[in-house]
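A.B. asks: The lines below spell out each chain.
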Amino acid sequence: MKPPERPARPVIPIAVSTDTSPIAPPPGASAELVSLYAAHQKIYPRSVSGLFSRLRWYMVFFTQLLFYGLPWLHWGERQAVLFDLAARRFYIFKLLLYPQDFIYLAGLLVICALSLFLFTAVAGRLWCGYACPQTVYTEIFMWIERQTEGDRSAHMRRDQGPWTMEKLARKTAKQVLWIAVGWWTGFTFVGYFTPIHVLAGEIAQFSLGSWEVFWVFFYGFATYGNAGYMREQVCKHMCPYARFQSAMFDKDTLIVSYDAARGEPRGARSKKLDLASSELGACVDCSLCVQVCPTGIDIRNGLQYECIGCGACADVCDEVMDKMHYPRGLVKYSTENAMHNQWGAAEIAHHVFRPRVMLYTTVVWTIIAMVGISLLARAPFKVDVERDRKSLARELADGVIENVFRLQIMNVTEAELRVHVQVDGLPGLKVVTDEDLTVAPAQSRWFVLRLQLPPGQATPGSHPIHFEIDGQDDTTVLKEKAVFLVPH
Amino acid sequence: MSDFTGGFWSIYISAITLIGIAACMLLLWRTGKGRVHGSGNESTGHVWDVDLREMNNPLPRWWVWMFVISVVFSLAYLVLYPGLGSFAGQLAWSSSGQYEDEVAKAQAAEAPLYAKFSAMTPEQLSRDPQAKQIGERLFMNNCAQCHGSDARGSKGFPNLTDGDWLYGGTTDKIKETITLGRIGQMPPMAAAVGTADDVKNVANYVLSLSGSPHDSLRAALGKPKFSTCAACHGAHGAGTQALGAPNLSDNIWLHGYGENAILAMVNQGKVNQMPAQAGKLTEAQIHVLTGYVWGFSNK
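If you read the sequences in order, they're chains A and B. Residue numbering for the first sequence follows numbering that gives the first Met the number 0, beginning at 0 and increasing consecutively. Residue numbering for the second sequence follows numbering that gives the first Met the number 0, beginning at 0 and increasing consecutively.
Because the hints were derived from the structure by calculation, they are not lab data. Glycine included, every Cβ here is placed at the ideal spot set by N, Cα and C. Keep in mind that the hints are not guaranteed to be accurate.
DSS-like, lysine-lysine: derived pairs with alpha carbons at most 27 Å apart [what the hints assert, rightly or not]:
| id | chain 1 | residue 1 | chain 2 | residue 2 |
| --- | --- | --- | --- | --- |
| 1 | B | 174 | A | 389 |
| 2 | B | 174 | B | 269 |
| 3 | B | 131 | A | 381 |
| 4 | A | 173 | A | 93 |
| 5 | B | 115 | A | 389 |
| 6 | B | 32 | B | 174 |
| 7 | B | 224 | B | 199 |
| 8 | A | 389 | B | 279 |
| 9 | A | 389 | A | 480 |
| 10 | B | 32 | A | 235 |
| 11 | A | 331 | A | 270 |
| 12 | B | 154 | B | 32 |
| 13 | B | 298 | B | 222 |
| 14 | B | 104 | A | 389 |
| 15 | B | 154 | A | 429 |
| 16 | A | 173 | A | 235 |
| 17 | A | 41 | B | 32 |
| 18 | B | 131 | B | 104 |
| 19 | B | 104 | B | 115 |
| 20 | A | 166 | A | 41 |
| 21 | B | 154 | A | 480 |
| 22 | B | 269 | A | 389 |
| 23 | B | 298 | B | 131 |
| 24 | B | 154 | A | 389 |
| 25 | A | 235 | A | 389 |
| 26 | B | 172 | B | 298 |
| 27 | B | 269 | B | 172 |
| 28 | A | 429 | A | 389 |
| 29 | B | 199 | A | 389 |
| 30 | B | 298 | A | 429 |
| 31 | A | 381 | A | 478 |
Only part of the chain B face toward chain A is listed, based on derived beta-carbon distances under 10 Å [what the hints assert, rightly or not]:
| id | residue |
| --- | --- |
| 32 | 31 |
| 33 | 60 |
| 34 | 82 |
| 35 | 149 |
| 36 | 250 |
| 37 | 256 |
So the derived label-pair ranges between C-beta atoms look like this [said to hold, decoys possible]:
| id | chain 1 | residue 1 | chain 2 | residue 2 | range |
| --- | --- | --- | --- | --- | --- |
| 38 | B | 135 | A | 453 | 41 to 51 Å |
| 39 | A | 375 | B | 87 | 50 to 60 Å |
| 40 | A | 239 | B | 51 | 13 to 23 Å |
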């Protein structure tokens, strides 16, 4: 049975074309008025099994166990990973971050971006094919769809057929499962910002805050819509990565490639045909590679911008080659240079270590090391010293000059912190305060300090001084610059 | 609602907005269809940078619906919210209204707390940790600008922690000072005292009251002249709180220490002001603040 043909669609090759002449309308073609917007063609990807499919499922389990599981972990008395936006405290296991630690987020984003460059240069759109939430959730939603509505041909037949009780039941089951997964995803997402046990309790009692309701349903709906309906449309028309990742390809990048030299001329044939003495190539034109493609392209037309590098076509083609007793790898991960020069695996591996890849690797690891060292060497508190808003300086009755400062201590540990403050820079300068310089766990606090200078120790004007603040249970000493003013 | 002085500009802006939205719809409709040759999938013939060709590929149709939704949204928005000239919108929303709502909400939330505080005496408040925290915030936001974060003031701004009070340190007096403010006046007294030499003598006598370094001969000569000052500052210079006249014998010098500062005060006088807080703070807030300030000198 020949599977139904897909409607003809344009192919946009990524490879550079040498033909620069504008394409003239074919002679005799008459202009016709058509819509410039194409209706969405629903894609029914066929299920596939094989190495790349397995790898993708491992990634689905890994990323989703992480995502759904993390908020349920505890660290001491609190949730292990919690972004408390209201209090502006961000807990990641042992780490407690303040908004002042934003640089670490910048560092993380730089690492992510550079890793993307690195992976893309080595093996194309690995992110898209195996790790992107769009791919991962689509994979989960398609699995549900296949369980309820059947694989490609059954699904297509039923969609085209009339509405029956069975069709209704199957579609309802799919919707229920989709909505459940989407909603659970939204719930988990909000669980990173509101402690998830509290959130679960609020849901049980219908006492969610309005923003929590909004985000649970918004994120849930986005998951449902993107993974259930938008699917490849997100990759093709919404995602910026799709457009610029190919800019990071070169001729040694591993991409899903069709071996045209081996495959063409394609054609159906008897299993008994002797390939060596035949004019036909190895491609049996079964069109399975097209049927499994989640973005609905034909890999045999070469690399196209829609290709998310999922390897489904390679998996399914290997199965067909096995059945035909042909060698595997008609569609495979290979590089442009390898295809051109008939390189083997060793040669391809050798070309992975090229300057571009080495450079990305070096930069990524340098930044990871920098961020890591800076996190390890982080002081247990942060300090800010400000002069008092009003009084510049005052003279006490005995001629002592006094300046008032406000000292902010941010405790980045989850234990009570006691600090000791010293000041340096002028002879006899001392710190006077009535306050107990302790800061509660994970809190920040302002203290009022008075600096007193005995008479005659400094000329009128401004004198640089510095504060030395040490955590008493710790060896950390932080220095802050300030100025001491002596009035005329 | 609007800052326009006449009706014209409101109509002008509404017309531009609505015509703009209609033009967007028209543009969308006009460009939705095009005359193309053959299959419609070919190059447009536009080539840049040697080999970069523009293809005539159709956009997905759901994009059109996004445009339509935007237009519907903007129309609904313009009906509900202010946006069309001076039209206030069906929901009658305004930023100031939203602000007032939030203030009312916050006041409703803190009302029980302040009700509890109002039932306490300032002495009790000065020992209540929660009242102290609120008092500290109120003080930092409203008082610290002049009196300093540590409430110890500076030249011209009284120290609130030293137990020395110009107008009295009872909780009632402190509350009165915060609520109504104070205007302290020291008139220029040089003419009443006498010659410049007399003024200098009086200044030395004033210094002697607190045991500060002074010229004892001049102080002795100045003593009779001090009777002019005694009307307010008292016969022994101990001050009169009813008038806000400072105690001159306690070695606390609000406007400067030493002979020159006293000479300047006698010659030029001084008007000093504590602004009234009644309009800025509620009675309950002033009550909490009174307890907090009283606590500085009554630990």
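A.B. asks: Evaluate each hint against the coordinates.
C.D. replies: Each hint tested on the structure:
no.	hint	result
1	174/B <-> 389/A	holds, 23 Å
2	174/B <-> 269/B	holds, 24 Å
3	131/B <-> 381/A	holds, 25 Å
4	173/A <-> 93/A	violated, 41 Å
5	115/B <-> 389/A	violated, 33 Å
6	32/B <-> 174/B	violated, 77 Å
7	224/B <-> 199/B	holds, 11 Å
8	389/A <-> 279/B	holds, 20 Å
9	389/A <-> 480/A	holds, 19 Å
10	32/B <-> 235/A	holds, 22 Å
11	331/A <-> 270/A	holds, 23 Å
12	154/B <-> 32/B	violated, 79 Å
13	298/B <-> 222/B	violated, 38 Å
14	104/B <-> 389/A	violated, 32 Å
15	154/B <-> 429/A	holds, 21 Å
16	173/A <-> 235/A	holds, 25 Å
17	41/A <-> 32/B	holds, 22 Å
18	131/B <-> 104/B	holds, 23 Å
19	104/B <-> 115/B	holds, 18 Å
20	166/A <-> 41/A	holds, 18 Å
21	154/B <-> 480/A	holds, 26 Å
22	269/B <-> 389/A	holds, 21 Å
23	298/B <-> 131/B	holds, 12 Å
24	154/B <-> 389/A	holds, 11 Å
25	235/A <-> 389/A	violated, 59 Å
26	172/B <-> 298/B	holds, 18 Å
27	269/B <-> 172/B	holds, 22 Å
28	429/A <-> 389/A	holds, 21 Å
29	199/B <-> 389/A	violated, 33 Å
30	298/B <-> 429/A	holds, 24 Å
31	381/A <-> 478/A	holds, 10 Å
32	31	holds, 6 Å
33	60	holds, 4 Å
34	82	violated, 23 Å
35	149	holds, 4 Å
36	250	holds, 5 Å
37	256	holds, 7 Å
38	135/B <-> 453/A: 41 to 51 Å	violated, 30 Å
39	375/A <-> 87/B: 50 to 60 Å	holds, 58 Å
40	239/A <-> 51/B: 13 to 23 Å	holds, 19 Å
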